[in-house]
Structures are given as C-alpha cells and as structure tokens.
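Chains A and B, in that order, are what the protein sequence lines are.
Residues in the first sequence are numbered consecutively from 43, following my numbering.
Residues in the second sequence are numbered consecutively from 164, following my numbering.
The set of hints was computed from the structure by calculation and includes no laboratory data.
Careful: at least some of the hints might be erroneous.
With a Cα cut of at most 25 Å, we get these calculated DSS-like pairs of lysine-lysine [stated by the list, open to error]:
(1) A:K77 x A:K107
(2) A:K44 x A:K107
(3) A:K78 x A:K107
(4) A:K44 x A:K125
(5) B:K480 x A:K125
(6) A:K130 x B:K480
The primary structure of each chain is shown beneath.
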Amino acid sequence: MKRHLLSMHDVTADEVTRILDTAESFREVGTRVIKKVPALRGRTVVNLFLENSTRTRISFELAAKRLSADVINFGAGGSSVAKGESLKDTALTLQAMGADAIVIRHSSSGSPLQLTRWVDGHVVNAGDGTHEHPTQALLDLSTMRQRLGRLEGLRVAIVGDVRHSRVARSLSHGLVTMGADVTLVGPPTLIPADAPSWGVAVSYDLDGVIPKLDVCYMLRVQRERQRLEFFPSIREYTRLFGLTRERAAALADDAVVMHPGPMNRGVEIDSDVADLPRSVIEEQVTNGIAIRMALLYLLLGGAGEPGDAA
Amino acid sequence: MSRRFVFEGARVVDPAAGLDEVRDVAVAGGVIAGAEETDWAQASERIDARGLVLSPGLVDLHAHLREPGYEHKETIATGTRAAAVGGYTAVAAMANTDPVTDNAAIVHLVRGLAAEGSCDVFPVGAVTKGLEGATLAAMGEMVEAGVRIFSDDGNPVADARTLRNILVYAKAFGVEVIVADHAEDASLVEGGHIHEGPVSDALGLAGRPGEAEEIAVARDIAVARATGGRLHLCHLSTARAVDIVRWAKADGVRVSAEVTPHHLALTDHDVATYDTNRKVYPPLRTADDREALRAGVADGTIDVIATDHAPHAVEEKEAEFDLSPPGTIGLETALAVALTELVVPGSVPLGRVIEAMSTTPARLLGATDHGGPLEPGRPANLMVFDPEAAWTVEAPFASKARNSAFLGCTLRGRVVYTMLRGELTVAEGKPTR
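Please construct the entire structure, taking both the sequences and the accompanying hints into account.
Structure (structure tokens):
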C-alpha cells in the first residue's frame with residue numbers, strides 16, 4: 043500500500059483485494075455486542091471535514107472508534123477555518139497535535155494531495171471536490187463482490203452526472219482496475235469528453251444498456267446543475283436517465299441497484315425501486331464502515347494479519 | 164559624468180540594426196559610443212564579454228507590478244529589480260492596480276514610483292473605468308500622459324460593442340494607440356481553472372476550453388477589421404488562435420499578438436500535481452498547442468514574447484487549487500525559458516527571439532529609447548547574457564514573490580549585465596539597486 047489513499051489510481055488490483063478481504067473480517071466486528079477491537083489503540087485519527095458530509099464523517103468516525111483509535115472531528119463551522127485559517131496552517135496544527143492519519147473531505151479538488159506536502163501522517167481522501175472519493179469506490183466494490191461473488195467481468199453502468207461526480211471517477215477507476223466492464227450513462231453534457239480514455243464505454247441510452255447489466259449504479263442528481271443548463275428539467279432527466287419501475291423491470295434477475303446516497307427519490311431513482319430486494323443501498327452503508335476500518339488498519343496498523351486484529 | 168564601459172568581444176545581436184556579429188561595444192555618457200571610443204585606454208571599465216551575447220535590453224509588454232494597491236504581492240521597486248535581473252530595461256505595467264490605472268493621475272503616480280526603479284516603466288491604461296467593462300476610461304488624458312497601450316487585462320473586454328467603440332475612439336489622437344485584449348470568452352471559462360481536456364477530466368477541475376480563446380480572438384479580429392482599429396492580443400495559447408491571427412494578418416487586419424514563456428514551455432500535463440504556481444489564465448494547453456505557438460514565434464505570426472509576470476503572495480498561492488489566484492512570475496526566467504525552449508533546440512534563431520522580446524515590444528510601446536538599434540548616440544539600454552550557463556530556478560527571487568511555474572527547472576542562459584542609460588542595473592548577475 044502507498045502511504046496515502048488519494049485516488050483509486052493509487053491502489054493495484056491486489057491491494058483492492060487485500061482491502062476487501064480485510065474488510066470481510068472486520069464486518070463481523072460490527073455484528074458483535076461489543077463492536078470494538080484494539081487494533082489502533084493509542085493512534086490518533088483526525089476527521090478534517092471542511093465540506094459538510096454527516097454520513098461519510100460518521101462512517102469514518104465509527105470505523106476509527108471500532109479500531110480503538112482516538113478520533114477528533116474537525117469541521118469548518120465554528121473552527122479556526124471559519125476565522126480564516128488556511129488549509130496549510132490547519133494541517134500543521136493537526137500535525138503538531140500528533141495526528142497519525144488525517145481523513146479529509148474538502149470541496150476543492152486536489153486538496154488531499156496538497157495536504158500530503160505539509161504533513162507527515164497518512165492522508166485519506168474522503169471526497170475532494172469533483173475529483174475522487176476512493177473509499178466510496180472501495181465500499182461499492184466490496185458490496186458488489188459480496189453480492190455477486192466477483193468483480194472481474196461484471197457489467198456495470200454508472201448513470202447520471204459523471205462530470206461532477208467524484209464517486210463516478212473513483213468507481214470507474216476501481217472497476218477498470220478489477221477487470222469489470224463499465225459503461226457511463228447520462229446526458230452528454232454530464233459525461234466528460236475524455237471518459238473513454240479511462241477504459242470505459244459511454245452510452246446516452248439507458249434503456250439499451252439496462253438489460254445487459256449486473257449492476258446499475260445510480261448517481262445523485264445535483265439539482266443546482268440544472269441551472270447551468272446541462273439538462274432542460276428534472277422531469278426530462280428522470281424520463282431519460284431515471285431508474286423508473288419500468289426500467290428496473292428490464293434488469294436481469296440477479297442484477298443489483300446501487301446508489302451512493304443521499305438519494306433523490308423520484309428523480310434519479312423511483313422510490314419503489316430503491317426499496318426492492320435487488321437494491322443494496324443499505325448494504326453499501328454497512329460495508330462503508332468495514333472498508334474504512336480495513337483501510338485505516340492497513341495504513342496505520344500495517345504488519346499483522348487482519349484475522350489477528352479482528 | 165557617468166561611467167565609461169567597453170564590453171569586449173561580445174556577440175552583438177541587434178535586430179533593429181540588422182546586426183549579429185562579434186565586436187566591442189563602448190558606452191560613455193549614458194549612450195552608445197562610437198568606434199573610436201572602444202579603445203580600452205579611454206574606458207574606465209573594461210568588461211570581458213567573450214562568449215557572451217550583448218543585445219538591446221529586453222522590453223516586456225505585459226507585466227503586473229501590483230503597485231499601487233497590492234504591495235504585499237510586488238512593488239514597483241521589486242518588480243523592476245526582477246525585470247533588470249531578467250535583462251529587461253523597460254516593462255509595461257498592467258492597469259489592474261488599486262486604484263486602477265484608468266486616468267492620468269494614476270499614470271503619473273506609477274511613473275513617479277518608477278523613477279527610482281531598476282528599469283523604465285510604461286503604464287498601460289485601462290480600457291474601461293475600474294476595469295468594469297462598462298464606461299470607457301479617460302483615454303485622451305492618458306494618451307496625453309504618454310500611454311500608448313490600453314488593456315483591461317485579467318478581464319476580457321466582454322462586450323463586443325465596447326471593444327468596437329474603444330477601437331474607433333482610439334483613432335482620435337494622432338498617435339498609434341493599441342488596444343490589447345485578454346481574449347477568453349467569459350461564459351465558457353466561468354468557474355474553470357485549467358485547460359479543458361483529459362487532464363481537467365482526471366483532476367476533477369472545471370476547464371477553460373481552447374475554443375473560449377478562439378471565439379474571443381476571432382471576434383476581436385472581426386471588430387478590428389471592421390473598424391480599422393489597432394488590436395493586440397495578449398498571451399495566445401491555442402494552435403487555432405495562432406491560425407486565426409495568421410489568417411487575419413494575411414488579410415491586412417491591424418493586429419499583433421504575444422505569447423508567454425510558460426505557454427511556450429509547459430503543457431496541461433505539467434499541472435497534473437495541482438501545482439498552483441502553474442495555474443495561469445489562459446491555461447497551459449496541449450503539446451500540439453505549444454508546438455503551434457513556437458511555430459508562430461518562428462514565422463512572426465506571434466510578434467512578441469511577453470511575460471504576463473503575475474506575482475502573488477506565498478499564502479495566496481499555498482491554497483487549494485481552485486481558490487488560489489492565477490498567474491506565475493516570469494521576468495527573471497523569460498529569456499532563459501525562451502533560449503531553452505526555442506533557441507537551444509534550434510527551432511527559432513536567437514535574433515528572432517531578441518526581436519520578439521526587445522525590438523518589437525519597444526516599437527509597440529512607443530519606447531523609442533529601447534529595443535535598439537545600439538548605434539552611436541543612442542541610449543545605452545542593453546543587456547549581456549551567457550547563452551551557455553545552466554542554472555536551476557529557485558527562490559529567493561529579486562521579485563517579492565516566488566510563484567514561479569519554473570521552480571526546480573534547469574534552464575540555459577543567464578543574464579550577466581543589464582544596463583539602463585549607461586548605468587549597470589545588474590552586474591555579475593546581481594541587481595545593483
């Protein structure tokens with residue numbers, strides 16, 4: 043493993059498998075009455091969340107706590123950042139306080155990489171701007187493997203606003219690394235022009251893609267994008283690219299539906315579809331904690347077998 | 164009585180005089196002395212310039228000196244010192260100061276601040292009041308105060324009607340007045356940070372597409388052609404923009420164009436590490452664009468190499484990529500970058516580079532004392548550089564800033580002496596003021 047996890051380009055197929063295998067053994071911890079192991083006792087993990095994200099922060103916080111690490115949550119509101127402190131000074135402060143790992147969520151693409159230039163500790167990207175969100179990709183890979191038994195050769199469509207989605211970037215890279223067959227689907231205005239160079243296919247026809255899929259991965263529609271004239275209306279978006287009941291019915295029997303949350307029910311995904319047994323959205327959330335435990339463990343704990351720690 | 168110098172055995176490259184030969188150059192009384200005065204016995208100071216190149220001092224058509232208003236980034240004292248270190252004897256100071264150079268009072272203020280500087284400063288006037296793109300700035304009084312170039316640089320002239328009016332209005336003054344535009348279509352670059360393409364897609368940064376420049380260049384040229392106005396295009400960055408300018412020139416449009424050293428040297432791939440010192444507007448483009456820019460300099464489609472020297476404070480650049488201001492400093496590295504990227508590989512002759520960095524910008528600025536020819540009686544504004552010296556760009560700089568896109572790069576060619584009206588502003592590579 044590299045020292046930091048900034049992008050899914052940072053991890054090889056073997057490392058992804060190792061992270062996923064480690065997460066499998068940690069998943070069991072979450073089912074215990076006492077949901078805690080001592081693997082990272084005495085280590086300090088800082089959640090530096092300069093962009094609001096309650097879900098991801100809680101997931102990282104629980105992951106670190108279940109490993110017995112000391113966890114500090116550092117947000118923008120009410121902190122020194124609100125008083126105008128720079129990212130660099132914030133980083134140096136956290137460093138001086140002995141942070142072993144900094145988990146950063148930031149609205150600026152590239153800020154995790156910049157952070158690595160200022161601190162000695164491990165940096166984990168918990169979502170940077172419209173760049174990447176690698177732990178989301180890892181938990182999605184974990185969910186797919188758990189549900190479908192493999193990643194290689196899986197036919198996956200990622201549907202929606204790929205252009206502005208850090209989830210889509212990381213997941214595409216991760217799936218391509220693992221040998222899956224990825225198609226990006228969405229309005230042409232929201233698919234990056236250069237996406238084919240990522241090793242993925244592009245389609246503007248969701249209906250044509252649906253029947254061939256093992257995984258239909260729906261991205262959240264960011265309503266503010268509509269104002270920027272990327273598509274005419276939410277109604278038209280839903281008509282062309284929403285996972286309606288009719289479309290869901292055209293999925294193969296064992297195909298699954300995924301969504302990184304939070305969902306806009308009735309926009310990119312029909313409410314009934316979100317609640318179907320084939321929809322694994324809650325499993326994604328559960329796996330998120332195990333994946334983040336595995337990652338923090340592998341970055342910080344390092345040596346021993348994951349089985350020993352769990 | 165000012166000092167007397169003889170530069171002995173220099174290769175003198177002086178495009179204005181059509182000269183490229185090894186000879187001695189004598190300076191006395193602040194001006195170039197005649198051949199009889201090269202006799203070393205008459206000179207109080209002999210400088211061995213064998214193996215060095217002597218040329219007219221460089222002239223920068225596009226620098227941000229930041230004073231008044233942004234003295235935390237740069238001052239006229241530090242900016243002109245940086246210019247001298249880079250071999251410049253004159254720079255055009257862009258108008259986006261605070262207050263904006265949109266009236267004669269600020270022109271005089273900038274000139275006054277520059278009086279003690281290390282090179283001559285030619286204030287550029289704003290096209291519109293406060294650079295706001297709405298009402299025309301007080302052009303007449305600024306022309307009277309000696310301003311010859313007007314630009315809202317940093318902001319494009321967004322409104323074609325405003326551009327049309329300014330190009331027509333500029334004919335009133337009986338002297339050639341040039342309107343210089345930062346050509347990027349505002350709607351296409353809004354929110355963008357780097358060239359739109361594979362790199363911006365991969366980095367998750369909103370892009371500034373090449374066609375934003377091509378649209379603006381084509382529009383500006385259409386307006387210049389219709390009005391007969393005199394247009395200058397700042398920092399071209401795309402291959403097709405060069406093509407459009409080439410076509411316009413062949414068609415008789417009164418247009419000139421510049422390119423920066425960083426666009427001649429770097430591409431969008433050089434920003435892939437989110438290096439904020441390489442965040443510049445217009446953005447670094449593709450290798451094909453860079454090739455076309457080099458060819459444009461070689462064939463004269465691009466008239467001028469200008470730095471777009473844009474100093475920023477350390478804390479401003481040490482920020483998140485999307486939050487950091489655009490710009491790189493350039494005065495101290497421009498010549499070396501041009502030599503390294505154009506002359507060393509053999510794609511552009513040295514004489515053409517000196518022409519693009521001295522002779523032509525001096526003419527456009529109306530800086531008659533600069534840009535050569537280095538003939539007897541002419542002001543001794545010149546520089547001497549070692550074309551072979553290899554050096555690595557590193558802080559500190561003579562500039563107050565250190566946001567150089569070339570930090571860590573090894574370049575060929577270093578200025579040894581710069582002389583302003585017979586006084587050394589740089590000696591042995593070090594500023595004297």
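Hints not upheld, ascending by number: 4
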